[in-house]
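Visitor: Here are the chains, one letter per residue:
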Amino acid sequence: MNNSLAGSLSYRAWYMWRRNVDVSLVTWKTNVLPPLLEPVLYILAFGFGLGAYVQQISYAGRAWDYLAFMAPGMVAVGVMFHSVFDTMYGAFVRLRYQKTFDALITTPLSPEDILAGEILSGATKGLFAGAAILLVVTLFGLAQYPSSLLILPLSALAGLLFASFGLYFAALAPYIDNLNLPVFLFINPMFLFSGTFFPLDGLPAWVRLLAELLPLTHLVNITRAATLGLLSPSLGWDLLYLVLLTPAVAWLAIAKMKARLIK
Amino acid sequence: MTDPVVKATALRKCYGDLCAVDGVDFEIGRGECFGLLGPNGAGKTTTVKMLTCALPVTGGDLTVEGLSVKEDPRAIKYLLGVCPQEVNLDPDFSVVKNLVVYSRYYDIPRAEAEKRAAELIARFHLHDKLERPVEDLSGGMKKRLLLARALINRPRLLVLDEPTTGLDPQSRRQIWQEVRDMKKNGLTTLLTTHYIEEAELLCDRLVIMDNGRIIEQGTPRQLIEKHLPGGGNLEDVFLKLTGKHLRDE
Ligand SMILES: Nc1ncnc2c1ncn2[C@@H]1O[C@H](COP(=O)(O)OP(=O)(O)OP(=O)(O)O)[C@@H](O)[C@H]1O
Ligand SMILES: [Mg+2]
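Line by line, the protein sequences give chains A and B. My numbering applies: residue 25 is where the first sequence begins, and numbers increase by one. My numbering applies: residue 20 is where the second sequence begins, and numbers increase by one.
Treat the hints with care, since some could be wrong.
[Stated by the list, open to error] Derived DEER-like restraints, expressed as beta-carbon distance ranges:
1. B:Lys89 with A:Leu159: 30 to 40 angstroms
2. A:Val231 with B:Gly185: 51 to 61 angstroms
3. B:Pro110 with A:Arg284: 43 to 53 angstroms
4. B:Gly185 with A:Leu65: 28 to 38 angstroms
5. B:Pro188 with A:Val64: 56 to 66 angstroms
6. B:Cys33 with A:Phe208: 50 to 60 angstroms
7. A:Arg284 with B:Gln189: 38 to 48 angstroms
[To be verified] Okay, the calculated bits of chain A under chain B, using three or more residues with CB under 8 angstroms as the criterion:
8. 166-176
9. 231-239
[What the hints assert, rightly or not] Calculated pairs, DSSO-like style, for lysine-lysine (alpha carbon to alpha carbon, straight line, at most 30 angstroms):
10. B:Lys134 with B:Lys116
11. A:Lys53 with B:Lys148
12. A:Lys123 with B:Lys245
13. B:Lys202 with B:Lys116
14. A:Lys282 with B:Lys148
Just so you know, the hints here were simulated from the structure itself, not pulled from any lab data. Ideal placement from N, C-alpha and C gives every residue a C-beta, glycine not left out.
Whenever a hint applies, use it, and build me the whole structure from the sequences.
Guide: Shown next, in the form of C-alpha cells:
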C-alpha cells in the first residue's frame with residue numbers, strides 16, 4: 025500500500041469537502057447566523073461596554089479608539105473558533121458517531137483524501153466566518169480598504185491551520201469530553217493572550233514570549249495591520265510562521281487520525 | 020479455480036495476540052454468490068473489511084480481479100459495492116441526496132447519478148421517502164437504501180455484510196429477490212449471514228468460519244450430505260460444527 029501522504033492524496037479530497045459543504049447548506053441557518061451575530065455581540069460588549077472606560081489605546085506608536093483596535097481581533101478569533109471547532113467536534117462526531125469515515129473508506133477515497141477534505145471544509149468555515157465578521161466590522165466603519173481585502177486569503181490560510189489543529193485534537197481524544205482539555209489549555213489562552221483585547225506590550229516578558237509562540241498572535245498581528253491600514257514588511261515574519269506551521273500541523277493531524285481509525 | 024474474482028491466501032488479521040482472521044484461504048468465482056458463515060466474533064466482518072480496503076492485512080494476501088489490497092486499494096474500491104453490517108448512511112441528507120452524494124465519490128457525473136438514483140429508489144421501493152431525511156426511515160428501509168447505495172457505481176463485486184439482519188420477513192424476502200436478480204445478471208457476490216436459510220437459498224458455495232479459521236466449505240448440499248448423511252438441514256450442520264454454546268465476545 026502506498027503509505028506516503030503525497031501518494032495517497034488526490035483530487036477526491038474535494039469530494040469530502042463538497043459533502044461537508046452540502047451538509048452545511050442543509051443546515052445553513054445555524055451555520056450562517058452565528059458568525060454574523062457573534063461579532064455584533066462582541067462589539068457591543070467589549071467595544072461599547074468596555075470601550076466606554078478604555079477610550080483610547082496606544083498601538084504601533086499611535087492612539088486608537090478601543091473599538092477600532094479590538095475589531096480585527098474579533099475577525100481573527102472568529103476564523104480560529106469556527107475552523108478549529110468544525111474539525112474538533114464536527115469531525116469527531118462524523119468520524120466516530122455518524123460513521124462517515126466507515127462509509128467513505130470503502131469508496132475510492134483514501135483515508136488521506138477524507139481527512140484532507142475535513143481540513144479543507146473546516147478551513148472553509150473559518151474563511152466564511154472571517155469574511156462575515158469582516159463585513160460587520162466594515163459596516164461599523166472600522167476597516168480600511170483595500171488593505172483589509174488581504175484578510176480573505178489570510179483567513180483561508182489560518183482556517184487550514186486551525187482546522188488541522190482541531191483534527192489533531194480530535195485524533196488524540198478517546199472521548200468527546202476529552203476535547204475540553206485543548207480548549208482549556210490552548211484555545212482559550214489564545215483567545216485571551218494573542219493581542220486580541222489588549223496589546224502585548226504591557227505583559228511581563230515571559231508571557232510575551234509565550235504569546236509570540238501562539239499562532240493566533242501572528243494572525244491577529246496581520247489582521248489588525250490590514251484593518252487599520254498599517255501593513256509593513258515586518259509582518260512577513262508573522263506570515264512565514266503561519267505558512268510554515270500549517271503544513272506541519274496538517275500532516276501531523278492526518279497521520280495521527282489515520283493511525284487512530286485504521287488499526 | 021480459473022479466473023477467480025477474489026482470492027485470499029493465508030490471510031491474517033491480528034490485533035496484538037488476538038487473530039480475528041487467522042490464516043484463511045478461499046476463492047470466489049465469477050458470477051458466484053459466496054457465503055461467509057460463522058458465529059459472532061468468527062471473523063466475518065474482519066474479512067470483509069480487509070476486502071473492502073478498510074483494514075490493512077497483517078499477513079497473507081487478498082486480491083480482487085488480480086489486484087492486491089496491499090498494492091491497489093483505490094483501484095479495487097472502484098470495483099466494489101459495499102453494504103456494511105453497521106448502517107452508516109448520511110443522517111443529514113435525504114434518501115435521494117445520500118445516493119447522489121455517494122455517487123460523486125466514484126466520479127459519476129451529476130446527471131448520470133440522478134438517473135441511477137431514481138432507478139434504484141424505484142427498484143428498492145423507497146420513492147415515498149425520496150426527500151425524507153434518512154433518520155425518518157425504518158430499519159428495513161435503511162438496509163434497502165444501503166443496498167441501493169452499494170449498487171450506484173454498478174459494481175463488479177457486491178459485498179453484503181449481514182444485509183438482512185433485523186428485517187421483517189417481507190423485507191428479507193425482498194432483499195433475497197434482489198440478490199437473486201443481480202446474480203442472474205452475473206454479479207459476483209460475497210454474503211455474510213447468520214440466517215442459514217438465507218445461505219442455503221442464495222449461496223452457490225459457502226465457508227463456515229470459527230475463531231478466525233475456515234472449518235468447513237462446500238456447496239450447501241455437499242455440507243449436508245457430508246455431515247448429516249441421514250438427512251437434515253444446513254442449520255444442523257452449522258450447529259454440529261460450531262457447537263451449541265454461546266459465543267462470548
Ligand atoms: N479493533 C479491534 N481490536 C481488537 N479486536 C477486534 C477489533 N475488531 C474486531 N475485533 C475482534 O475480532 C474478532 C472478530 O470480529 P468480527 O467483527 O470479524 O466478527 P464477525 O464474524 O463479523 O461477528 P458478528 O457475527 O458478531 O458480526 C472478535 O473477537 C472481535 O472482538
Ligand atoms: Mg460481523
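Visitor: Now look at each hint and say whether the structure bears it out.
Guide: Verification of the hints:
1. B:Lys89 with A:Leu159: 30 to 40 angstroms: Since the Cβ atoms of Lys89 of chain B and Leu159 of chain A sit about 51 angstroms apart, the hinted range of 30 to 40 angstroms is violated.
2. A:Val231 with B:Gly185: 51 to 61 angstroms: Roughly 58 angstroms apart at Cβ, these two residues keep to the hinted range, so it holds.
3. B:Pro110 with A:Arg284: 43 to 53 angstroms: 22 angstroms, violated
4. B:Gly185 with A:Leu65: 28 to 38 angstroms: 47 angstroms, violated
5. B:Pro188 with A:Val64: 56 to 66 angstroms: 58 angstroms, holds
6. B:Cys33 with A:Phe208: 50 to 60 angstroms: 38 angstroms, violated
7. A:Arg284 with B:Gln189: 38 to 48 angstroms: Roughly 40 angstroms apart at Cβ, these two residues keep to the hinted range, so it holds.
8. 166-176: violated (count 0)
9. 231-239: violated (count 0)
10. B:Lys134 with B:Lys116: Satisfied, since the Cα-Cα distance of roughly 12 angstroms is no more than 30 angstroms.
11. A:Lys53 with B:Lys148: 24 angstroms, holds
12. A:Lys123 with B:Lys245: Violated, because 42 angstroms separates the two Cα atoms, which is more than 30 angstroms.
13. B:Lys202 with B:Lys116: Cα-Cα ~27 angstroms, so holds.
14. A:Lys282 with B:Lys148: 35 angstroms, violated
In this structure, the earlier hints numbered 1, 3, 4, 6, 8, 9, 12, 14 are contradicted, and the remaining ones agree with it.
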